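K.L.:
Residue numbers (the numbering used here), protein chains in the order written: chain R, 10 to 355; chain V, 10 to 355; chain D, 10 to 355; chain Y, 10 to 355.
Think of the hints as simulated: they come from the structure by calculation, not from any bench. Please note: incorrect hints may appear among the correct ones.
Just so you know, same-sequence chains aren't split out, so a pair can sit in one copy or run between any two.
Below, simulated DSSO-like cross-link-like pairs (lysine-lysine); rule was C-alpha separation at most 30 Å, straight line [what the hints assert, rightly or not]: (1) Lys355 to Lys12; (2) Lys118 to Lys355; (3) Lys118 to Lys49; (4) Lys112 to Lys49; (5) Lys118 to Lys12; (6) Lys355 to Lys150.
For clarity, every value in this text was computed on a predicted model and none was experimentally measured.
There are 4 protein chains.
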Amino acid sequence: MHKAGIAGATGYIGYELITLIHRHPQLEIAWLTSERNAGKCFNQVFSTPWDYPLITLADAYLRTDEVDVVFLCLPHAESMEAVSRFYAAGVRVIDLSADFRLKDVDTYKRWYGAEHTAPQLCAEARYGLCELFRGELSGAKLIANPGCYPTSVNLGLYPLARAGWLGQRVIVDSKSGVSGAGRKTNLTYQFVEANENITPYSVGHRHRHIAEMEQVLGAANGGGHGGPLRFLFTPHLLPVNRGILSTMYVDVSPGVTEERIRELYAENYAGEPFIHLLPSGEQASLAHTVGTNRCAIGITPADPSQTDGSEYVITASIDNLVKGGSGQAIQNYNIAVGLDETAGLK
Amino acid sequence: MHKAGIAGATGYIGYELITLIHRHPQLEIAWLTSERNAGKCFNQVFSTPWDYPLITLADAYLRTDEVDVVFLCLPHAESMEAVSRFYAAGVRVIDLSADFRLKDVDTYKRWYGAEHTAPQLCAEARYGLCELFRGELSGAKLIANPGCYPTSVNLGLYPLARAGWLGQRVIVDSKSGVSGAGRKTNLTYQFVEANENITPYSVGHRHRHIAEMEQVLGAANGGGHGGPLRFLFTPHLLPVNRGILSTMYVDVSPGVTEERIRELYAENYAGEPFIHLLPSGEQASLAHTVGTNRCAIGITPADPSQTDGSEYVITASIDNLVKGGSGQAIQNYNIAVGLDETAGLK
Amino acid sequence: MHKAGIAGATGYIGYELITLIHRHPQLEIAWLTSERNAGKCFNQVFSTPWDYPLITLADAYLRTDEVDVVFLCLPHAESMEAVSRFYAAGVRVIDLSADFRLKDVDTYKRWYGAEHTAPQLCAEARYGLCELFRGELSGAKLIANPGCYPTSVNLGLYPLARAGWLGQRVIVDSKSGVSGAGRKTNLTYQFVEANENITPYSVGHRHRHIAEMEQVLGAANGGGHGGPLRFLFTPHLLPVNRGILSTMYVDVSPGVTEERIRELYAENYAGEPFIHLLPSGEQASLAHTVGTNRCAIGITPADPSQTDGSEYVITASIDNLVKGGSGQAIQNYNIAVGLDETAGLK
Amino acid sequence: MHKAGIAGATGYIGYELITLIHRHPQLEIAWLTSERNAGKCFNQVFSTPWDYPLITLADAYLRTDEVDVVFLCLPHAESMEAVSRFYAAGVRVIDLSADFRLKDVDTYKRWYGAEHTAPQLCAEARYGLCELFRGELSGAKLIANPGCYPTSVNLGLYPLARAGWLGQRVIVDSKSGVSGAGRKTNLTYQFVEANENITPYSVGHRHRHIAEMEQVLGAANGGGHGGPLRFLFTPHLLPVNRGILSTMYVDVSPGVTEERIRELYAENYAGEPFIHLLPSGEQASLAHTVGTNRCAIGITPADPSQTDGSEYVITASIDNLVKGGSGQAIQNYNIAVGLDETAGLK
């Protein structure tokens, strides 16, 4: 059995990671950290029978020999140091924070407002969007697990970008369940405030996850139709526990039919166990993916009467806590060490 | 126009009070207080166009001449002093805290853990459960607005208690929307924690609202069947914004038929504009009352095949923010000063 | 007192109409029709004490002398005949169906798939988007109450269109509560299917409400920037009971600053009791409008760092059952007959 | 690999069964039936990539040689014949309908209003409440999977009944998610009707599941305190997708302390992988069990100040679709054929 540590285990992602590790035939929990709850057991923090003791990160640094992998669910900027220490101790690291997702430390600083303290590791880190970068993940010692919104957007648009068919202007209207905000107690996420409501936020090129869309899709689309991509991304707080739906409005190269786009996606995602391409006329919804590691993708022309129209509505949904967090982290680990990629994720 | 001040106006009850006052033909807002938000306007605290300035309680004490009535939505134990000061200034007071609901200051201290600092006013205060104590409310200068749970329970069982037909053991299983907890940010009331969940709390003679049930129903049933009442009250946190449903299991005097009980309720509540007695076989639900000042009451024998069975299931629902708070407060004011009792509440 | 009949009274809009009429100082219910429930009382169909008898439409035709106005909440295509008959009988008509919203009967036929049987009345009918067409509504005998989605979109964008500042491509991503589908029992609207989910539908120039956007905004923008408008409208089924949020992505004439746009909106909507223009940086949410007759509008540049950028995100929210249905209907009646426009709607 | 057929696969329980079978290391799907959707594939009926063809029951009868077990998710009264035919063909049967749960066919007829057509199989059938009757399930060819409500009630109270400590009067106030009603389209289960609501139903000895409580607990308690049990059971429709919480009000033999009761439960459920006994002061909630095969049980004295008081509040929660349906069915199969009892259920 492989042994896993989880740092920052008492958030929603930590809870899901434990659930998935319990289902994984080759992985088991070694230790869990929580700065706030160290000394308690996990079942004093969540409604569950799991009585794992919670230790501090400082204690975890002394127990690196007990683990094959550490999943880090720490806040951005805090994660850098922990990643460096586990990495230095020779432990494989799957970092679920934003700290190693961006190749360029200046871009990191601009979006996250923090100086990167481990720039040499940024070059080392692999961006763990499995379906797109599987080749780079095998054997990787440090994997940056993608953000939840970009996972839906990048999987939803990558085939178009890679083919160079994606128009410059990409409008992304995303809706996310409240767990995306973490296990916090702000008034905004209070039941009465969020329930029976929907609220746009970070409107106008403000949300940090745009950087991951630019990095992945911008690079892929580089030589293509329309030049550098410009994202207009509007996230909304949705009154559900989990799930992200991204409704994307894009221009594709003139004359490309829905059928050709469907072939393109089918080729790009052939054999992918977690990509669910929907048939013509069907749209992605949360019901397609919540509770699973899948990404569902729908493709619809803006004007179905014009078969060579260039505008499309692409819908993509994921479970933000699974494919957008814990599930993709497990998938990344499976790939990195050569296990069945779907282990623990069926 | 009568002028109203609201102390502690930035909770859910305060918001509802403003809504109802806007609909009231003879009442308008004079000032609003909020210790935390003084200096801001109301529309910086809630998603609304209402731009009332928020002042401190200290400032409100200097502006008692601008108001005919103050509605106090302050925490218990804090309300006592404010009530005393407004009362001393000759302003009519509707207190929505628990501080003046209990006749007996020792009972108050036992349940609320605080010494009562204005015991002389307790004698002065009228308990504002309008349908039961209307006679005492006319002209009242200080009215203690009832708690939300007891409003549903006391209205649901009073006719039985008054007739002396209520058995000793009263089991109350109540379910309340999350707004009942106030506009707070505890983890318990966070969307992800409360949504898709239901949680019993304060189980086992622990909830303070039991005191109001004992005071109202215990006194009424005094000479009746079965001696002093014993309440077993279990509140549950329900994943809805507002509304209380109380499902009550009671014994009535042997031989009393459903028909006789229905006659009893019909007599007790004849002409009441806000009591909705449901026909035989229909149960109270939140849909009957949310958004209204009504209390809906259903009456069903535990075993319909035994027409003289003595066990009954009484269901009662109210909107905790309206009949259980702001609406009853307005109704109390209307009664106290002799306005149409339904003004603002249709 | 003015007397109102409601045809098709047992849907969600009918229920809201009754609620608002009860609050209206000069309006009261004369009769209610329901083909399916005729012979029953209203409280056998909804959880409410209102025991109005339900009659057939055929009976209502014999009782036109009892009413000053009829509100018709009938399905499109069915409404035409009823409107014609009430109109012929000299009764003022507020039609909440789509039958008289479109000026052009060919457009009607194309979108609704039905031949219009009363084309002469189409010319007579006034489109009841009160804030935009108030001048045409005074004295009107037949008012077509706007659709719910178009109410949010047209109010949200009209100032830009009227100024001729609106770019050709208008992308509207709307989210609607489930009551928008009516009181139906399709599997799609079943609790378990809709809850914890969000689903795009009618994607790709398919939703009939586009016609009202084209009619109102297209005409207004006629001489302006960018030529005829092209709408890309994607509605989503949102897991809330009520409310619509429309997130709109538009281009405005180059060089127009946020400040100028705000001035434009402020002028257009000066003194409007039901338009809530949000301050810079604040977005419309359902919480701004649910339970009210208001429309809240937020205006945010796509890239706040470019003060003369031409892309904007306009957010608009309404309660689909109130401003998008019953409330606007009452507002239309108030305007038509010269009552205080806000009567019953405060 | 063992092969499973599912009859009536397109309800919520069927969907969950497939999910669990996918996680089960020794079980796989052979065929699925659906009378209404035969000829379609599963992914045309649910939002999922699973493209299993759906066949008729008649076709399934011809393919009994392809399966080791059939899970039947058919309506009661319809299931009898299918059970008989699969049983006769030598296939192991887990029946999720009510048809073989009751030992006594007269009791069956009284509660379900149907004549039992296979009374001889009733004697053969084992009642699959795994934790209580594991001994009888090993090798069983026909297992009747318990109802969802009785699973929570019987697991919650069995230790008391078995010890003969349970008082005669058992009051059960249960709350169930809407999936408990099946994938139906009644108005009651429409989103707008159920959301933001809670409704008691089948009040007053009317719900069929009482029969299973009487059969299991009544028999166990036979020789004990207080004579035959009388259940007062009130189910409520709760606005969540899944989960049951039963709040139970019971009398236990005088003088039995909470500590003794806790010891009793700990002994009865020692080593049980799916029973979660909560520590003193903690109550069962849906969050403890939704998405799992667990039953969480809380035990609290009605009056904690009286350590020998005889009234207790027992709370028990399960996921109605898992422990109350599909999960218990898999657990039953695992026990029957000697697999690891937790296979597929971790």
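K.L.:
If a hint holds in the structure, say so; if it does not, say that too.
P.N.:
Results for each hint:
Proximity of Lys355 and Lys12 under a CA criterion of 30 Å is satisfied in both settings, with 20 Å inside one chain copy and 18 Å between copies. Proximity of Lys118 to Lys355 under the C-alpha cut-off of 30 Å is found in neither arrangement, the shortest distances being 38 Å within a copy and 42 Å between copies. In this assembly of identical chains, Lys118 and Lys49 lie within 30 Å of each other by CA distance neither inside one copy nor across copies; the values are 35 Å within and 34 Å between. For a Cα distance limit of 30 Å, the shortest separation of Lys112 from Lys49 qualifies neither inside one copy, at 38 Å, nor across copies, at 43 Å.
For the homomeric pair Lys118 and Lys12, neither the shortest alpha-carbon distance inside one copy (34 Å) nor that between copies (55 Å) is at most 30 Å. Within a single copy, Lys355 and Lys150 get their C-alpha atoms as close as 25 Å, and across copies as close as 29 Å, so both meet the 30 Å cut-off.
The earlier numbered hints that this structure contradicts are 2, 3, 4 and 5.
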